[in-house]
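With the hints as constraints, model all of the structure from the sequences given.
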Amino acid sequence: MSKLVFEPPTITRLTPGVPSKHGVGAVISPMPSIDGVKVDDLIEKYGSPLFVFSERSIRKGMEDIKRAFSLRYLNVQMAWSYKTNYLDAICRVFHQEGSWAEVVSGFEYDKAIRNGVKGENIIFNGPGKSAEDLEKAARNGSFIHIDHLDELFVLADICQSKDIEARVAIRVNMDIGIYPKWDRFGFNFENGEAWDAINRIMINPRLKLIGLHTHIGTYIMSTDAYRIAATKLADLASNIALKYDYFVSYLDMGGGFATKNTLKGAYLSGEDTMPSFEEYAEAITSAILNSQIKPDKLPTLILETGRALIDNAGYIAGTVLANKRLSDGHRATIVDVGINLLFTGLWYNHKICPVTNHSGLIEETTIYGPLCMNIDLIRPSMMFPSMKRGDRFVITRTGAYNTTQWLQFITTRPNVVLIDQDRKVHLIRKAETIDYISENEIIPGHLA
Amino acid sequence: MIIKGNIALSENGFVFNPATGDSYTINNTGKEVLILIREGKNIDQIIDSMLGKYDVDKTTLERYLADFINDLSVNNLLEE
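So the protein lines, in turn, are chains A and E.
Reading the first sequence from the start, the letters are residues 228 to 675 in the numbering used here.
Reading the second sequence from the start, the letters are residues 0 to 79 in the numbering used here.
It should be emphasised that the hints constitute simulated quantities derived from the structure, not laboratory data.
A virtual CB, placed ideally from N, CA and C, is assigned to each residue, including glycine.
Hints should not be assumed to be uniformly reliable.
Here are the simulated DSSO-like pairs of lysine-lysine, each with C-alpha atoms no more than 27 angstroms apart in a straight line [to be verified]:
hint: 1; chain 1: E; residue 1: Lys57; chain 2: A; residue 2: Lys551
hint: 2; chain 1: A; residue 1: Lys230; chain 2: E; residue 2: Lys3
hint: 3; chain 1: E; residue 1: Lys57; chain 2: A; residue 2: Lys487
hint: 4; chain 1: A; residue 1: Lys615; chain 2: E; residue 2: Lys40
hint: 5; chain 1: E; residue 1: Lys40; chain 2: A; residue 2: Lys551
hint: 6; chain 1: A; residue 1: Lys615; chain 2: A; residue 2: Lys651
hint: 7; chain 1: A; residue 1: Lys265; chain 2: E; residue 2: Lys52
hint: 8; chain 1: A; residue 1: Lys287; chain 2: E; residue 2: Lys52
Computed footprint of chain A on chain E, listed as stretches where at least three residues anywhere in the stretch have a Cβ under 8 angstroms from a Cβ of chain A [unchecked claim]:
hint: 9; region: 16-23
hint: 10; region: 65-78
Next comes the structure, spelled out in structure tokens:
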């Protein structure tokens, strides 16, 4: 007869009359496998902790967003936001699904080129483009989204001195009725900056205004904000047509759609409160279709959705290292996934699921990472089952930003694998070694 | 190690201390350990009994039993 799974014995005092902030009925479901591949097998082969991506989820997300928008609008183009996740294998899945590349640095630009994206299918955003970046992007026919007047003047100078043309758009920031107001990027709509930039571009024969861009923020939970932004951007496009008899080819609505993760401090679960792609699509497309833009001149709608397309497809599998009682009797569990790997642990109450079944008895627990640093706190408080050293778990919805903002802090970063649609597992980034980390360090002669 | 005589343990894992009015929930392994303590088993006998039943090594079992017995003691469920 096989033996029973051992769960550390626990006893929890009940406090009548004072419900905990977690309320009642929290259910922590086990997650024994990801896309049909056993988590235990993954960890045994690739180690713990381990980043796991699901190709099936990525493609499903792309299918969902394309359906939501293309049902409502004729020309829709996705552009993969590199900063959200620029692991080459991940980018290539998005490119296979038809996404262009949306980059915000020369480094990301070169990555996109190496991933086989044509220059004319790269959108170059961001406030920090160098003169070399601008010239390269102009020569490649990429869409340069100008962020500020300095950039406009530098680009105009480059085009003049090198005798080349550039395909450009301007980034427009605007009041869309939500807080915080993102006015640090691009030209302001309300104070006339945007028009000033447009006029300067329109009279420059070497700068071709191809589109208009806005990115209203990140994790925007209000579809109405997108409706207002799309209305203002479409107004700008129709007024350019009126003034210059010139029609921009695209409106780029940026990214910022929320995922189903629950933000810290949120009262309700993100699964219940975040808008669907259909709701975002309805707000944006109806605003453009109802604008003054003539039906035969409707621009392509570009979306730079990042987080909402990759968050759900990413997991981190890990292992419990220790348990302890804090001074007030509160249980603390230490795991091998720290804030160095889970940057989004600073923003989200990530869901953590044990790999194996448990008794169902859960207790308020603090989840700490393994770093010897006070900031390494994954969940200050969550209802969690009793897990012993060596037990495994999966943190869900970790696909966005964690493999770009992760820190090489205190320790090296682990393997990253991709599970393809046939459930085959591919190593897509090898675990770092001390040699990799030390490669660029130079020891001065007197210290050798 | 003796459980206080007045402590009530229900079939489905509720523990009640009528002296203080405190009640507790307990998981399956906790309930099993509590029953073994009540039957008068010592630590070694509890370990032997559980090792035969659960997929766990002796070191891990000892470590978590120590935790559990400490929790019982902190909650005033054991005789001094």
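So, going through the hints one by one against the coordinates:
1. E:Lys57 / A:Lys551: Judged against 27 angstroms, a Cα distance of about 19 angstroms means the pair holds.
2. A:Lys230 / E:Lys3: violated, 31 angstroms
3. E:Lys57 / A:Lys487: It is violated: about 42 angstroms lies between the C-alpha atoms, which goes past 27 angstroms.
4. A:Lys615 / E:Lys40: holds, 24 angstroms
5. E:Lys40 / A:Lys551: Distance of about 26 angstroms is within 27 angstroms: holds.
6. A:Lys615 / A:Lys651: violated, 30 angstroms
7. A:Lys265 / E:Lys52: holds, 25 angstroms
8. A:Lys287 / E:Lys52: Outside the cut-off at roughly 44 angstroms; violated.
9. 16-23: holds (count 3)
10. 65-78: It holds: at least three residues are needed, and the region 65-78 of chain E offers 8 whose Cβ sits within less than 8 angstroms of chain A.
When each numbered hint is compared with the structure, violations occur for hints 2, 3, 6, 8.
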